[in-house]
Amino acid sequence: MTDGTENGTSRGSALRDRLSDFVSQLAAAGALIVVFVFLSFASPDFLTADNLFNIGSQTAVVAVIAVGMTLVIITAGIDLSVGSVAALAGVMGALLMSSFGLSMPFAVLGGTLVGAACGLTNGFLVSVAGLNPFIATLGMLSVARGVVYIATDAQSVFGLPDSFRLLGQGVVAGGIPIPVVIIITVAIVGYVVLSRTKLGRYAYAMGSNLEAARLSGIPIRRYLTSVYVISGALAGFGGMIAASRVASGQPNYGIGLELDVIAAAVIGGASLFGGQGTVVGTLIGAFLIALIRNGAVLLNVNTFYQQVIIGVIIWVAVFWDQYRRRKLASASE
Amino acid sequence: MSSPETEAGTREPVLRLRGVSKEFPGVLAVDGVDLEILPGEVHVVAGENGAGKSTLMKLLSQVERPSRGTVEISGEPVEYHGPGHAQHLGVAMVYQEFALAPDLSVAENLYLGREPGRFGFVNRAKEMEEAGGLLRRVGLEVGPTRLVAGLTVAEMQRVEIAKALAIDAKVVIMDEPTATLAEREIEDLFGVIKALTDDGIAILYISHRLDEIFRIADRVTVMRDGAIVDTLPVSELDEDKLVRLMVGREISNLYPKPEVEIGDVLLRVSGITRGTKLKNCSFEVRAGEILGFAGLVGAGRTELARAVFGADKVEGGSVELEGRKLKIKRPQDAIESGVGYLTEDRKGEGLALQLGVDQNITLANLPMTKGLINLKEEQRIARQYRDQLNIRTPSVRRRVQVLSGGNQQKVVVARWLETNAKVLFFDEPARGIDVGAKAEMFGLIGDLAEEGRGIVVISSYLPELLNMCDRILVMREGEVAGVIEREEFSEERVIALATGTEETA
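Chains as they are written, first to last, in the numbering used here: chain Z, 32 to 364; chain D, 3 to 507.
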C-alpha cells in the first residue's frame, strides 16, 4: 500500500501514467521511425512525395478498417469478417452504380450500409445469441464471401462512373490524396469516440470486465452490437475505397485482409484480451506494415520475406504486451 | 483441535526454515524467517495482505527460490529444485485456485504426471483401486471415474488434498482453504484435517479469518511486513491480541457504529421469487439503517440482493423505493432509481482492472457535456472521492489493478456514491481486505448510514453483522427465516434461524 496522495506529486505521476500508456506504442513508433529512416537512406525513391502519398493511399483501406477493428478488440472481441465484408460492400456499391445508376456518394453510402448490416448481424450473434466473436465473425467471413460470389457469379463489376475514382485515386488541395484525408478524418473521429464518448469508454470497460460493466448499468447488448456495426461499416467503407482504387467491384478482393487489419491493431498495442488499444497505436501499426511492404518493393526484396518480417513483428509486439501485463500483475500483489 | 503434545522440541520438526529471505526487485517480501513445523500439528500463518504469507508458502513449496537462508525437510537441508522436488520430499500445496484438469477424471487427476504403469501405458485398474483408497481417506464419496468438471468446489478441494496424500506428503500447505466453502463444508474440511493430523501429517494453514484460527490452530505464526512477529500456541492468544500482532497497532474499534436516528422506510421488497433460489422473500430497509443479511453460504443472500438490483431475472415480487413502485429489469434500472450493489467478487464483477481509478469511479455515471465525456469534471470527481474516502493511490489515473484490496473496495464505493444511491447493498465488504482496512470500511458504511442512506450488509462473518447492524435478516434455503432486532442479537439466535433449528417469525 503506498501513501502518496499529496497534490504536489499527483500531477507528476499523472503525467507518468500517461507516458506509460504510450510506452507500448513507443515501441511500435520507434520501429516505424527506424524503418522510415533506414528506407530514406537505402532507397532514393523512398523519400519522395509521390511515394509517400502512394503509401498513404495504399494504407487507407487497412487503416480505416483497423480503426473499427481496434474498437472491437478493445471489447475483447474480434472481427474476422472484415475482408469478406469489404468485398461484399465494394461489389454491392459497384452494382448500385453500374446496374442501378446511383451517383457516387449514394453508392459509397450504400456500400458502407451493406457493411453496417453485416456488422449488425455480427453484433446480434455476439451480444444477443451469445456466440463467441471468433465464431460469429468466422461465419460472417464465409457468408459474406458466398453472397458476393452469388451476386456476381464471381465476375468483376465494371462500368463505373469516372467520378467514383475520386474516392481512392483523387487528390485535394494541391496534391494530397483523398485516401490520406480519409485516414486522418477517420482517425480523428475514432480518437474522439474512444477517448471522449460513452461508446469508447464502455468499450474499454466491457473489454476489461464485462460483468462489472453490466452491474454498473451499462446496456451491454446495445453497446456491444454498436461496436460490431461500426467495424462492419468501416469495413464496407474500406471496401468502397478499394473498389475505387481499381475502378471496379472485385469479388475476390480482401481475402486475408483481416489478418493485416488485426496485425495493425495488435502491433499498435491493442490487446486481444480486451481493455487496451488506441487509434494512434493502430495507425502506427498499419503504417509500419505498409512501410515494410513498400520498402521490400523498392529494395527488390523477395515479397515472401515481407510476410516473415510482419509475422516476427506481431510476435514481438504481443510478447511486449504480455510482458508489460505480467509486470503490472506482479506489481499489484 | 489442540493435541496434547504440541510443545515445541518434543518432536523433530518436519519442516524448518532458518533465516530465509526472499527479495524481489525493490521489495523484501520475506525477511529472515525462522519457522519450525512439527508433525501432526495445525500451524496457522496469519497476517494482513502483503505480510508475506503467500511468498513464504511459495518458498516452502519451492515455487520460489529463497534469496538467503536454508529450508530443511525432515532435518535435511534441501537444495532448490522447483515444486516437483518439494512434492517428492513430501511437501504438498493445496492452492486456492485448484490446479486440476477439469476434463480428466478424479483418478487421472490424482496421478497426473505419476501414472502407475510401464512403457508409457497406464495401469488403469491399479490407478482406480489406489484412487478409491485415497478418496476414502479424505472423506470424498465420489467415484474415481467421475470427471472433475462435475464436482463441487468443496469436492475439488478434497481431490487436491487426496493428491497430497498420493505423494505421501508429510506437510500439506493450505492457502485460505475455506474462502470458497459453505459452513457445513468447512466443518467437513476441519474433520478431514483432524484425521490427517492424527496420521502425523502437519498442516500449514494460511488464513485471514480470526474465528477459524481459533477453531483449528494448534500454533499460530503471525507475519507482518515480511517478518515473523511471533509464534504462539493458540491457547496464549485471544482475538484482540491476534489482531494487534497482525496490524502492529491497537485497533480501538473494529466496528465503529454511529448512533443514527432511523427514519422512514426507504426500500420495501415484497415477495421476490426466483426458481428454487428465492422463495417469496420480503424485507424493508429504513433511512439510516444498517440491515444485515445472514445465512449459510447458498442460503440466497447474494441472490436476493442481485434480484433487487436487477442483476438476475426474477419470476415475481415487487420493489418500492420511497413509496414508489420500481420496475427493475436490468441493473441500469436499479441504478437510475437509486439502488446500488457492491459485489462480493470485486475483481471478477466489480472493477475494470485495466481502467484507471477515475474511470472506474465514473463508470456508472459518466459526466457528459454536449455528448462528450467531460474529462476535467471526471478528474475533479475522482479527486473528490480520493480525498473523501481516503483512497490511497499515487494518482487518480493509476490503474485500479495496482491498488490494495481495501483501496479497490473504496473505488467501488465511490462509484456508487457518484450515482447518488439511496440504498446500497454491500456483499461481503470486508472479504479479502486487511484488518486495518476493514475498520475503515465499516467506518465508511457507518458514515453512509448517518447520511440517511439505507444500507444492507451481507456477511458470512457474524461478528461483523452483530456489531454493525440495526437488524439482521436471516435466510435459509432461499427463504427469509426471520428478522432479529438489535436488542435481541445473539450468535446463537442467528445460527438457530440459519440452520432451521428454531422457528421464528
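Everything labelled a hint here was simulated from the structure, so no lab data went into it. Any given hint could turn out to be false.
As the list claims (entries may be wrong) - Taking lysine to any residue and the SDA-like style, the derived pairs with C-alpha atoms no more than 20 Å apart in a straight line are: (1) D/K378 x Z/Y354; (2) Z/K229 x D/G373; (3) D/K378 x Z/L230; (4) D/K378 x Z/S226; (5) Z/K229 x D/N376; (6) Z/K229 x D/T278; (7) Z/K229 x D/Q334.
As the list claims (entries may be wrong) - So the derived list for chain Z, only partly shown, Cβ under 7 Å to chain D, looks like this: (8) D184; (9) S187; (10) R227; (11) A236; (12) L241; (13) G248; (14) R252; (15) G306; (16) N333.
Cβ atoms here follow ideal geometry from the backbone N, Cα and C, with glycine treated the same way.
Against the structure, the hints:
no.: 1; hint: D/K378 x Z/Y354; result: violated (32 Å)
no.: 2; hint: Z/K229 x D/G373; result: holds (8 Å)
no.: 3; hint: D/K378 x Z/L230; result: holds (18 Å)
no.: 4; hint: D/K378 x Z/S226; result: holds (13 Å)
no.: 5; hint: Z/K229 x D/N376; result: holds (11 Å)
no.: 6; hint: Z/K229 x D/T278; result: violated (38 Å)
no.: 7; hint: Z/K229 x D/Q334; result: holds (15 Å)
no.: 8; hint: D184; result: violated (45 Å)
no.: 9; hint: S187; result: violated (42 Å)
no.: 10; hint: R227; result: holds (4 Å)
no.: 11; hint: A236; result: holds (5 Å)
no.: 12; hint: L241; result: violated (9 Å)
no.: 13; hint: G248; result: holds (4 Å)
no.: 14; hint: R252; result: violated (10 Å)
no.: 15; hint: G306; result: holds (4 Å)
no.: 16; hint: N333; result: violated (41 Å)
The structure is inconsistent with the numbered hints 1, 6, 8, 9, 12, 14 and 16, although it conforms to all the rest.
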